[in-house]
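> Quick mapping for you: the protein sequence lines, in order, are chains U and C. Residues 129 to 288 (this note's numbering) make up the first sequence, in order. Residues 129 to 288 (this note's numbering) make up the second sequence, in order.
For the record, the hints were derived by calculation from the structure and aren't laboratory data. Mixed in with the good hints, there may be bad ones.
Identical copies look the same in the list; a pair holds intra-copy or inter-copy alike.
Cross-link-like lysine-lysine pairs, in silico, BS3-like; alpha carbons within 25 Å at most [unchecked claim]:
# : residue 1 : residue 2
1 : Lys248    : Lys152
2 : Lys231    : Lys280
3 : Lys195    : Lys231
There are 2 protein chains.
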Amino acid sequence: MIGLYLEEIEIGRVVELGNHHFTKDAILAFARQYDPQPFHLDEEAAAKGPFGRLSASGWHTASAWMKRYVATNQAAEAEMRAEGREPAPLGPSPGFTNLRWLKPVCPGDTITYRTSVTGKRELNSRPGWGLVFSLNEGFNQSGDLVFSFEGKVLTPLRPS
Amino acid sequence: MIGLYLEEIEIGRVVELGNHHFTKDAILAFARQYDPQPFHLDEEAAAKGPFGRLSASGWHTASAWMKRYVATNQAAEAEMRAEGREPAPLGPSPGFTNLRWLKPVCPGDTITYRTSVTGKRELNSRPGWGLVFSLNEGFNQSGDLVFSFEGKVLTPLRPS
Numbered sequence: 129m130i131g132l133y134l135e136e137i138e139i140g141r142v143v144e145l146g147n148h149h150f151t152k153d154a155i156l157a158f159a160r161q162y163d164p165q166p167f168h169l170d171e172e173a174a175a176k177g178p179f180g181r182l183s184a185s186g187w188h189t190a191s192a193w194m195k196r197y198v199a200t201n202q203a204a205e206a207e208m209r210a211e212g213r214e215p216a217p218l219g220p221s222p223g224f225t226n227l228r229w230l231k232p233v234c235p236g237d238t239i240t241y242r243t244s245v246t247g248k249r250e251l252n253s254r255p256g257w258g259l260v261f262s263l264n265e266g267f268n269q270s271g272d273l274v275f276s277f278e279g280k281v282l283t284p285l286r287p288s
Numbered sequence: 129m130i131g132l133y134l135e136e137i138e139i140g141r142v143v144e145l146g147n148h149h150f151t152k153d154a155i156l157a158f159a160r161q162y163d164p165q166p167f168h169l170d171e172e173a174a175a176k177g178p179f180g181r182l183s184a185s186g187w188h189t190a191s192a193w194m195k196r197y198v199a200t201n202q203a204a205e206a207e208m209r210a211e212g213r214e215p216a217p218l219g220p221s222p223g224f225t226n227l228r229w230l231k232p233v234c235p236g237d238t239i240t241y242r243t244s245v246t247g248k249r250e251l252n253s254r255p256g257w258g259l260v261f262s263l264n265e266g267f268n269q270s271g272d273l274v275f276s277f278e279g280k281v282l283t284p285l286r287p288s
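Just need the whole structure built from these sequences, with the hints factored in.
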């Protein structure tokens, strides 16, 4: 995570991931491709739908989190390389738990994401690697929590 | 779910959601937009990466599940309407848990998805509605489980 090896990651650390602006066009494009429900596709149908207005697919909100997570990691890695340090590579994720879509994300909303380290452990099953556990959150421009999940990501130990 | 009201949904029912074929172009397009990690973007970098070959973003695998889920629901609803019955609307999902990416999904893979009803309950907090709980899975063309999560979706009770 952000170029750090498992030993260097502090539990409790909060990393701001920046924000993602949801345009109506992007909401419609994602919905057409992956989640063509009327309340993600059509303003008139959405007015009669569960949220009373057009909203983004929950998978769009999640994918935008990923976009910000990768961008933040890559920026941190580039900064380390510029300082002559070799960053730890970002590992894949085996999955996550407790994903919550708490409020709809609507056209014009800007969601600010962050990740907070909640734990870490070495993996006996995979020498040289550990897991970093995190709470990931997205807040809209009113400060409301709209999205959260508890993630985990494979993270290398520092080479000895 | 598939046009049924909460009372009509049987625990244990398995619904086949059909399959989704992952082309290299679609894998690259999703990755460029939402998950631009080298092992999702570039064959050469992926060869040195965690899976040894190019693989789809896990969020792409999840979004394709959603696509099949919506398509299956909409086909069931259309069939009911053709028979003169009014389907129950598909509600939104408050979230889910235990998402697992068990194996990489690679260019040329075809993932077959299914959803199995694992439970249901009425919501005291939301009269007229309940939650349906499900286990959702994706298998590749070799029959390997590559993706799973435990979902829940708001489902209306039959209007009295």
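> Sort out which numbered hints this structure fails and list those numbers smallest first.
Hint 1 contradicted; others consistent.
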